[in-house]
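Student: Each chain, written out:
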Amino acid sequence: MSIYPEISDKLMTLKDAVSRFIKDGSQIAIGGFTVTRNPMAIIYEIVRQKIKNIHLVCHSNGQGLDILIGASCVKRLEIAYGGNGRYAPTCIRFKKAIEGGVIEFEDYSNYQMSLRFLAGALGSPFISTKSGLGTDILQYEGFSEEVRKERKVARKKYVTIQNPFNDDDDKVVLLPALNPDVALIHAQYVGDDGTVRIKGLTFADLEQAKSADTVIVTCEEIVPRSFIRLDPDQNSLPSFLVDAIVKVPLGAHPTACFSFYDYDPIHLNLYKKVAGNDALFRAYLDEWVYGVDSHERYLEKIGTTQLQKIKANPVLGYAAGLDRK
Amino acid sequence: MSIYPEISDKLMTLKDAVSRFIKDGSQIAIGGFTVTRNPMAIIYEIVRQKIKNIHLVCHSNGQGLDILIGASCVKRLEIAYGGNGRYAPTCIRFKKAIEGGVIEFEDYSNYQMSLRFLAGALGSPFISTKSGLGTDILQYEGFSEEVRKERKVARKKYVTIQNPFNDDDDKVVLLPALNPDVALIHAQYVGDDGTVRIKGLTFADLEQAKSADTVIVTCEEIVPRSFIRLDPDQNSLPSFLVDAIVKVPLGAHPTACFSFYDYDPIHLNLYKKVAGNDALFRAYLDEWVYGVDSHERYLEKIGTTQLQKIKANPVLGYAAGLDRK
Amino acid sequence: MANYTDNEMMAINAGRLIKNNDIVFAGTGVSMLAAAAAKKIYAPKAIIFFETGGIDPSLEEIPMAVADPRVMSGTCLNSGLIDAFSIVGHRKLHTIAFLGAAQIDTYGNLNTTSLGNYMRPKTRFPGSGGACDVASLASGVITFMQHEKRRFVEKLDYLTSVGWYTGGDSRSRLGLVRGGATAVVTNLGVMKFDEDTKKMYLAEYYPGVSKERVIENTGFDLDVSRAGESPAPSREELRILREEVDPQNLIL
Amino acid sequence: MANYTDNEMMAINAGRLIKNNDIVFAGTGVSMLAAAAAKKIYAPKAIIFFETGGIDPSLEEIPMAVADPRVMSGTCLNSGLIDAFSIVGHRKLHTIAFLGAAQIDTYGNLNTTSLGNYMRPKTRFPGSGGACDVASLASGVITFMQHEKRRFVEKLDYLTSVGWYTGGDSRSRLGLVRGGATAVVTNLGVMKFDEDTKKMYLAEYYPGVSKERVIENTGFDLDVSRAGESPAPSREELRILREEVDPQNLIL
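Residue numbers (the numbering used here), protein chains in the order written: chain A, 1 to 325; chain B, 1 to 325; chain C, 1 to 252; chain D, 1 to 252.
Mixed in with the good hints, there may be bad ones.
Below, in silico cross-link-like pairs of lysine-lysine (DSSO-like), each with a Cα-Cα straight-line distance of 27 Å or less [what the hints assert, rightly or not]:
{"#": "1", "chain 1": "B", "residue 1": "Lys157", "chain 2": "A", "residue 2": "Lys171"}
{"#": "2", "chain 1": "C", "residue 1": "Lys40", "chain 2": "A", "residue 2": "Lys10"}
{"#": "3", "chain 1": "D", "residue 1": "Lys199", "chain 2": "D", "residue 2": "Lys149"}
{"#": "4", "chain 1": "D", "residue 1": "Lys45", "chain 2": "B", "residue 2": "Lys247"}
{"#": "5", "chain 1": "D", "residue 1": "Lys199", "chain 2": "D", "residue 2": "Lys19"}
{"#": "6", "chain 1": "A", "residue 1": "Lys325", "chain 2": "D", "residue 2": "Lys40"}
{"#": "7", "chain 1": "B", "residue 1": "Lys171", "chain 2": "C", "residue 2": "Lys155"}
{"#": "8", "chain 1": "B", "residue 1": "Lys149", "chain 2": "A", "residue 2": "Lys171"}
{"#": "9", "chain 1": "D", "residue 1": "Lys192", "chain 2": "D", "residue 2": "Lys155"}
{"#": "10", "chain 1": "B", "residue 1": "Lys309", "chain 2": "B", "residue 2": "Lys247"}
{"#": "11", "chain 1": "C", "residue 1": "Lys92", "chain 2": "A", "residue 2": "Lys15"}
{"#": "12", "chain 1": "A", "residue 1": "Lys10", "chain 2": "C", "residue 2": "Lys45"}
{"#": "13", "chain 1": "C", "residue 1": "Lys149", "chain 2": "C", "residue 2": "Lys192"}
{"#": "14", "chain 1": "B", "residue 1": "Lys171", "chain 2": "A", "residue 2": "Lys156"}
{"#": "15", "chain 1": "C", "residue 1": "Lys122", "chain 2": "B", "residue 2": "Lys75"}
{"#": "16", "chain 1": "B", "residue 1": "Lys10", "chain 2": "D", "residue 2": "Lys40"}
{"#": "17", "chain 1": "D", "residue 1": "Lys155", "chain 2": "D", "residue 2": "Lys199"}
{"#": "18", "chain 1": "D", "residue 1": "Lys45", "chain 2": "B", "residue 2": "Lys10"}
{"#": "19", "chain 1": "A", "residue 1": "Lys96", "chain 2": "D", "residue 2": "Lys122"}
{"#": "20", "chain 1": "D", "residue 1": "Lys149", "chain 2": "A", "residue 2": "Lys96"}
{"#": "21", "chain 1": "A", "residue 1": "Lys171", "chain 2": "B", "residue 2": "Lys171"}
Hints in this document: simulated from the structure, not taken from any laboratory.
With these hints in hand, go ahead and build the complete structure from the sequences.
Tutor: Set out below in structure tokens:
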């Protein structure tokens, strides 16, 4: 019998979570933001299982985005920002893929993408905003007419209408809702009743999860129901919105996980050095992704010394004094 | 010098908060929901200061709504629900006012009203939903053409459009955003840095506060910055969205305040007995509102025995075993 | 006389309609009882939640309103209205809502707003609250009614919450993608809706109630040809209801 | 040679533009420095916040990205993107955004998307992120630029974030109710915008920089007639910047 009877049907391995829920052509939203809480462990597993033709829908993504694009898993991209702080002012494989014309892409802004997830979560078909009026974001469409006919692609990038509640000339942008096939979220805690708690900033993770057909949550710890229900004001998602739960300590490495660990400057600098060169990048994937069959093995390669360095001060939430150059 | 230097410009008495920020004709949103966290102390003060012609915008309101309407402070009402649990399946003065034709009113639903506050908070001029299609909520308008021209009244109750992102016939309701003049919120905690923390359910309080031009927060306790910033994930509103802070322990009585006190069945039953009769209701106001010049005096009249009975078990959040008949 | 009350019989019959993994939207009064009974007797894996944002509370005491602090205690999550209604309408969930109403018509449309002229009503009720929303967005609605001719009417004075609208496929033609009226549970029996016409019919009448009595108390033509007698509540059902769901006897 | 770096001079000059009670939206790099400097030197009552949702962090260490865990530490509130952008656009707040860009034009419009053809660019940059949003919604924008001809251009390759659009009242005619480009802070000086034409002009040049050098490094006509020399950073400004804002010397 499972030690977690309430979530025994949802608790699974990374391998099973990916093979059950992520398909060729899936539309995927990944949680986190640039250097923090990217669901790296499950992204590495997607790469290992060679899932192709992913339609990625992002606001600001960093390391997760870059690995998926670099490993040729992504066919189509809706994005506001591809960057990883000082370690990659523009994400390296993302930049190469767009300059090389090897992926379909379309630009939005962060608020626009977040509002699109929110609309999907609310069950609203679209949402209105003033953001973007006059910009080339509303001028240039990245997707062709053919792409616009495909599943999970909005029929129009956006629509501008006259505000029907204002008699004066007043233009408003309507943005189509997003309802991805799968949202991948890395959280600090999942209760043994399936309740999810994210600590620190939530970015657009909650809107992404609520808008998705399937939600996979990887987590640092599974904690008792008695703990997670003592103060339910702090919780983020109810169990019934979550389809798969995978316990993966350090599952966001080399990005940060507030109150557990900081981002890993050594690994991100290593990545920065190799990612721009196709051969070196393939060697990186061989060594760090294909060459390890689990996140535990990957962490063994990182090593305890490095992991101790990035261990967060639990009160501050980050590794004070960490050499971040 | 103030003992709270960071919020010395915002900390004030109920009297000052009402006289500074609430005007004849103000559009007001009040927080809480039926029997919980109605900002009663400031509502009583509004009644005492005889503010008139209020335009009240509500989802589900209970005691606060009924007192304001009963005391003839309300001219215009947008509402989803006027009720107070078993103590008033339909709010009594609300019911009389509508049946008597003495206030202008317009009906929406709870989701619709909450979405309208959300749109106001987002800076979106309107928001789309499927809720309400086919109903008389979209058939009957309560406001006249003249009222529709007045400030803070939407030019149209709603608009139905064809979803521009769907080639098939697909109708969608657009609801106009709400941006009330003032939102009145009762919270458990305000930090001495002005940060607001609401415990238990937040209803639509946060959307109401974020959508309003002015926010008045009454609270049970003012707590140190060191406490409220230890876990900022739990906080509800930043200081800069709040214009006035008033410390009023038991400020939601006779409605409940999670983890502090339960609703007061004795007082709500007393109210139920008198509210239907105009003379008795006026006597009630004379005794409990006009006849006391502060919330402290009002609480003295309620008495410690009754207040001890409704004191919440701080872990359960309510008064276990309270006689609620 | 039966050894149980109308409210008990209604709570039990509605509870029997709930299945494991249903997400149950509960309102006040008998709907609160029915939701708690469903969870404690018939469908322990069902989740009870409230429009106010309280999800899966411990319900050690029965809440008297959907904003009662008892709906915030021992929950998995305390959120707010926006979250609650987005759960009601969530595509991946099977959400069942319990509602009450002042009037119902043959297609399960509901009135909780007013009687008489809308602008100057004879009787004003509380209004939609979340009823219109869940009727629009949930997978199904179970309505509690007192079975009286003046409540089961040919034409509603005000259509607050849409059921099967004008029958047939009229609901989906409105633009509503799922849901509709599932059942009506009264003090006399349980009504369901014809799969094609979407008209209400009598599915079950309670022990001691005749089909004729149901017809007499219904203000429109009601097909009773498919009706059978409901099983009486068991001792155990009543025990749980009285001792665990509402031991303070606040609603029973 | 001056005893301070370009980044120090830029952070100090941008910081000087912030007032108490401004709500300052900070990005990465020098904008992070400028925001922290503003708070610690010029406007202690200003609030620094990030598009990621971190509001008023303690900034005991300088964050290297807007999602750095250091923007979540000691805050008054940890929220998310939706909340952050609704703060940027909030009517009751005076919000000033710090942005960087690859290209800027004479009306302060910005490009952070790409050079060359959009679909097959010569150089791809990260994209808008929140830049387009804050340029649309904030009360004002202060942009950090390296002062080079190829960056100060007649025509942007891609207009990611709108400044004064095509000048005059064109911004408000777009439907944007407030905001616009406030200033541009470069390694050579500080540019502002003419009240009527909304064209960029040189307001200040740094000690040791000539008007001619600014003109040489600007790809469009720039009015320098109103320019004066900026005061050099004081010892105290530099001390706070070096010892309190970025003691690890990560960005300086």
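Student: It remains to establish, for every hint, whether it holds in the given structure.
Tutor: Against the structure, the hints come out as follows:
1. B:Lys157 with A:Lys171: 19 Å, holds
2. C:Lys40 with A:Lys10: 23 Å, holds
3. D:Lys199 with D:Lys149: Given that 27 Å is the threshold and the Cα spacing comes to 17 Å, the pair holds.
4. D:Lys45 with B:Lys247: Given that 27 Å is the threshold and the Cα spacing comes to 23 Å, the pair holds.
5. D:Lys199 with D:Lys19: Distance ~24 Å between D:Lys199 and D:Lys19 Cα, so the pair holds.
6. A:Lys325 with D:Lys40: Between A:Lys325 and D:Lys40 the Cα gap is close to 24 Å, so the pair holds against 27 Å.
7. B:Lys171 with C:Lys155: With a Cα-Cα distance of about 25 Å, the restraint between B:Lys171 and C:Lys155 holds, given a limit of 27 Å.
8. B:Lys149 with A:Lys171: 21 Å, holds
9. D:Lys192 with D:Lys155: With a Cα-Cα distance of about 19 Å, the restraint between D:Lys192 and D:Lys155 holds, given a limit of 27 Å.
10. B:Lys309 with B:Lys247: The hint holds at about 22 Å.
11. C:Lys92 with A:Lys15: Roughly 23 Å separates the two Cα atoms, so the pair holds.
12. A:Lys10 with C:Lys45: 14 Å, holds
13. C:Lys149 with C:Lys192: Holds. C:Lys149 to C:Lys192 sits at ~18 Å (cutoff 27 Å).
14. B:Lys171 with A:Lys156: 17 Å, holds
15. C:Lys122 with B:Lys75: 20 Å, holds
16. B:Lys10 with D:Lys40: 23 Å, holds
17. D:Lys155 with D:Lys199: It holds: about 14 Å lies between the C-alpha atoms, which stays within 27 Å.
18. D:Lys45 with B:Lys10: Holds. D:Lys45 to B:Lys10 sits at ~14 Å (cutoff 27 Å).
19. A:Lys96 with D:Lys122: Within the cut-off at roughly 10 Å; holds.
20. D:Lys149 with A:Lys96: 25 Å, holds
21. A:Lys171 with B:Lys171: Given pair A:Lys171, B:Lys171 holds - Cα atoms ~21 Å apart, limit 27 Å.
In terms of the numbered hints stated before, the structure departs from none.
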